[in-house]
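Participant: Whenever a hint applies, use it, and build me the whole structure from the sequences.
Chains C and H, in that order, give the protein sequences.
Letter 163 of the first sequence, counting from 1, is numbered 163 in this note's numbering, and no numbers are missing.
Numbers given in this note's numbering equal positions in the second sequence, counted from 1, plus 176.
One thing to keep in mind: the hints can contain errors.
Cut-off 27 Å, straight-line C-alpha distance, at most; resulting in silico cross-link-like pairs (DSS-like, lysine-lysine) [what the hints assert, rightly or not]:
1. C:LYS176 - C:LYS108
2. H:LYS357 - C:LYS6
3. H:LYS720 - H:LYS514
4. H:LYS706 - C:LYS17
5. H:LYS518 - H:LYS706
6. H:LYS514 - C:LYS6
7. H:LYS715 - H:LYS518
8. H:LYS514 - C:LYS17
9. H:LYS289 - H:LYS203
10. H:LYS326 - C:LYS56
11. C:LYS6 - H:LYS706
12. C:LYS6 - H:LYS715
Quick caveat, the hints were computed from the structure, so don't treat them as lab data.
Just so you know, these numbers come straight off a predicted model, no measurement behind them.
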Amino acid sequence: MLAPEKNWWRPMGRLEKTWLTMALAWCIFLTIMMPLWYYMGKQNVPTETYRTTAQKYAATVNEFVTKYQVGEENLGGVPIPVVAPPAGSDVYIRASAWQWFPILQLEKGQEYRLHLSSMDYNHGFSLQPVNINLQVLPGYEYVATITPTSSGDFTIVCNEYCFVGHHTMVGKIIVK
Amino acid sequence: MATLAPTTPWTKEAKDDYRTCPVLTLKVDMHAERLIIANAVMAVVVLAIGGLAALLIALTRWQAIHLLPADWFYRLLTLHGIDMLIAWMVFFEIAGLHFGSTVLLNARHAAPKAAWLGFIMMTVGGLMANVVVLLDPKNTVAYTAYMPLKASPLFYLSYILFAVGALIAVITFFINIVVAKREKRFEGSLPLVAFGFMTAAILATYTLLQGAAAVVPAFLWSINVLSHFDPGIYRNFFWGFGHPAQQVNLAAMISIWYALAQITVGVRPVNEKFSRLAFVLYLFFINLGSAHHLLVDPGLSFAWKAVNTSYAMYLAVLGSMMHAFSIPAAIEVAQRAKGFRKGLFGWLRNAPWKEPGFAAMVISIIIFGWVGGVTGVVIGTEQINLLVHNTMRLPGHFHATVVSGTTTAFMGFAYYMVPLIFRKELKLKKWATWQPYIFGGGMLLLSLGMIVSGLQGVSRRSWDITFAGVVPGTVELSLAIFGIGAILAVIGGIMFVTIMLTSILTGSRLEASQLLLVTGNNNPVLESTKLTEHDMESKQNQPKGAFVLVLAFLAWFAVYYFTNWWLLGRTWFIR
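Facilitator: What follows is the structure in structure tokens.
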């Protein structure tokens with residue numbers, strides 16, 4: 001709180017120097033970990049993105065659903081189509097207040113190109129219980145290349161606030 | 177009133193008055209004093225409103241109680257964010273800036289009119305935000321107001337008013353420093369605490385400008401002048417405001433750590449260069465942190481995210497790790513110089529644990545570093561963010577930083593403002609001794625409850641998670657821990673507001689006669705000036721205990737960090 005002496009630019013003590021070196025080394029390590037995992041890890045943040053519009057994306061999703069629909073399931077009182085696309089293909093999910101559309105049926109161990117976009121607000125794609133979370137924005141088509149490594153029913157929760165019905169926005173992915 | 181020191185005209189011509197603080201022996205400009213009081217009072221008022229909202233939303237998220245209906249939950253959540261993250265912090269910081277640029281420098285307030293204008297704009301903007309959120313359901317857009325969620329024009333206008341008011345107040349800080357230097361009120365370098373406030377003020381300036389870049393277009397869009405604004409760009413600009421705003425809190429909080437350490441223990445910074453360098457690292461690198469919120473956003477490359485999220489090379493984190501050593505070390509050296517030299521931690525055992533400022537500082541440092549800092553770096557790691565984005569681990573992290581850290585430190589400091597600035601006797605001193613422990617303990621439980629819930633996938637900002645249908649039973653438990661923590665913290669908050677209001681409203685007006693509130697009547701600040709080079713450098717006074725503490729911290733940091741990579745490796749493949 002008080003003004004320092006006139007010449008305060010003095011050498012650091014031994015403990016300060018040691019801690020500074022250790023902390024700096026740790027910071028450098030933290031920095032290296034990210035590119036290392038980028039090249040070696042199997043879980044990375046998707047970067048592939050395209051510009052789109054609500055109309056264009058909705059049309060693509062409808063076409064996709066008509067092509068591969070295998071059934072229908074009630075989700076929160078609304079019938080939602082169940083879609084079983086072939087392994088390795090492009091699959092689509094549309095986010096809107098307050099619905100994830102459609103329900104995907106995927107195969108374990110197969111790779112899919114999952115497209116995500118929003119019709120209206122920001123939404124949060126949160127796949128539970130595997131806990132994968134992605135931000136979904138209107139006007140952006142986000143492509144995540146995913147490989148399910150476990151099977152069962154998975155819930156998509158919306159985890160970005162999108163007005164008062166937000167918590168009712170729940171979707172589903174089935175992995176066989 | 178007879179007990180008050182007489183005020184004296186500052187210069188022959190000027191109308192300004194000052195008094196001399198008998199404890200700190202510094203001149204206190206009456207303009208500055210009134211400004212500090214006004215800002216501090218508003219801070220406590222918005223803290224009380226935001227705290228009430230906190231209680232209600234916490235009791236709603238505690239799934240077993242689930243108090244509020246959905247619309248009120250989201251409305252009060254919006255209010256809570258605005259009052260706490262913006263209004264409480266900024267009002268208190270402006271009080272701190274006025275203090276740091278006048279009292280600490282023995283100087284006058286050079287632009288009181290502008291400062292009052294800023295205060296009025298902030299007050300009007302802050303109260304207006306509360307009113308429009310409460311009255312108009314359209315404004316339930318959360319404090320982030322992500323476009324294209326559309327609030328009413330008044331909502332954005334209240335943000336703009338508050339931000340411009342704050343900017344004006346921050347500018348008066350710089351004016352004060354320049355004028356004080358020119359009038360030779362202090363010699364040589366700024367005191368470290370003022371230097372830290374200076375860091376906060378510089379960060380605040382560009383933070384507020386970035387806020388304008390987000391909120392002004394949103395305002396124009398809400399009145400249909402602008403037909404479209406990119407939601408991704410809005411997020412980038414908003415977090416250019418939202419994240420650095422928390423770094424302003426950080427810089428202000430650390431300044432207050434140094435101040436409290438000096439007030440309660442009488443420390444001298446172990447090495448001014450070391451501590452100042454740490455502040456400079458914030459200045460240069462912390463602005464990149466807005467990327468933390470965009471790590472799983474579409475449209476951004478790995479390189480952009482990795483460079484920005486790591487503050488270039490975790491250099492801002494390095495700054496925090498430096499302070500994490502330098503403050504405990506300064507305390508240890510001062511304590512050892514007083515003769516508490518037994519073992520590694522004798523200095524700590526004999527610390528003034530009953531002194532509210534000391535307790536608040538220690539709790540703030542521990543929870544900020546061990547919980548807030550570590551979780552922050554981990555969830556800000558690009559890939560790990562996949563597991564964390566928008567889950568309850570996020571609020572778990574920032575309640576540990578902004579609340580357990582910053583708010584606890586601010587509360588601790590506020591107690592000392594009562595005798596020194598308000599010139600009232602602090603009432604309910606026993607309460608003040610307990611308050612930091614109750615508040616900090618509650619906040620710790622709350623943060624841990626949130627983090628453990630988030631690890632299990634519970635999303636933030638959600639009225640009812642049972643819709644998801646996949647909630648494991650253990651979530652009920654972690655949410656209950658969160659809820660109990662919230663109740664404890666609110667009790668601590670009520671204690672703080674009660675102590676402050678009781679002292680300010682009913683305490684007798686009297687000139688401060690001592691610095692410490694509870695533990696004795698010596699004056700650690702003056703004692704700190706007696707610490708000689710010999711005291712600082714002698715072998716038996718070296719901060720070995722503090723060094724062991726930071727080593728333990730680093731070990732915990734590494735354990736938590738690698739556990740998260742391990743968790744990430746278990747989920748689905750994604751790229």
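Participant: Hint by hint, note whether the structure agrees.
Facilitator: Taking the hints in turn, this is what the structure says about them:
1. C:LYS176 - C:LYS108: holds, 6 Å
2. H:LYS357 - C:LYS6: holds, 15 Å
3. H:LYS720 - H:LYS514: Cα-Cα ~16 Å, so holds.
4. H:LYS706 - C:LYS17: Since the Cα atoms of H:LYS706 and C:LYS17 sit roughly 26 Å apart, the hinted pair holds (cutoff 27 Å).
5. H:LYS518 - H:LYS706: holds, 22 Å
6. H:LYS514 - C:LYS6: holds, 25 Å
7. H:LYS715 - H:LYS518: Holds, because 14 Å separates the two Cα atoms, which is no more than 27 Å.
8. H:LYS514 - C:LYS17: Cα-Cα ~25 Å, so holds.
9. H:LYS289 - H:LYS203: Cα-Cα ~20 Å, so holds.
10. H:LYS326 - C:LYS56: Holds, at roughly 23 Å.
11. C:LYS6 - H:LYS706: holds, 16 Å
12. C:LYS6 - H:LYS715: Roughly 25 Å separates the two Cα atoms, so the pair holds.
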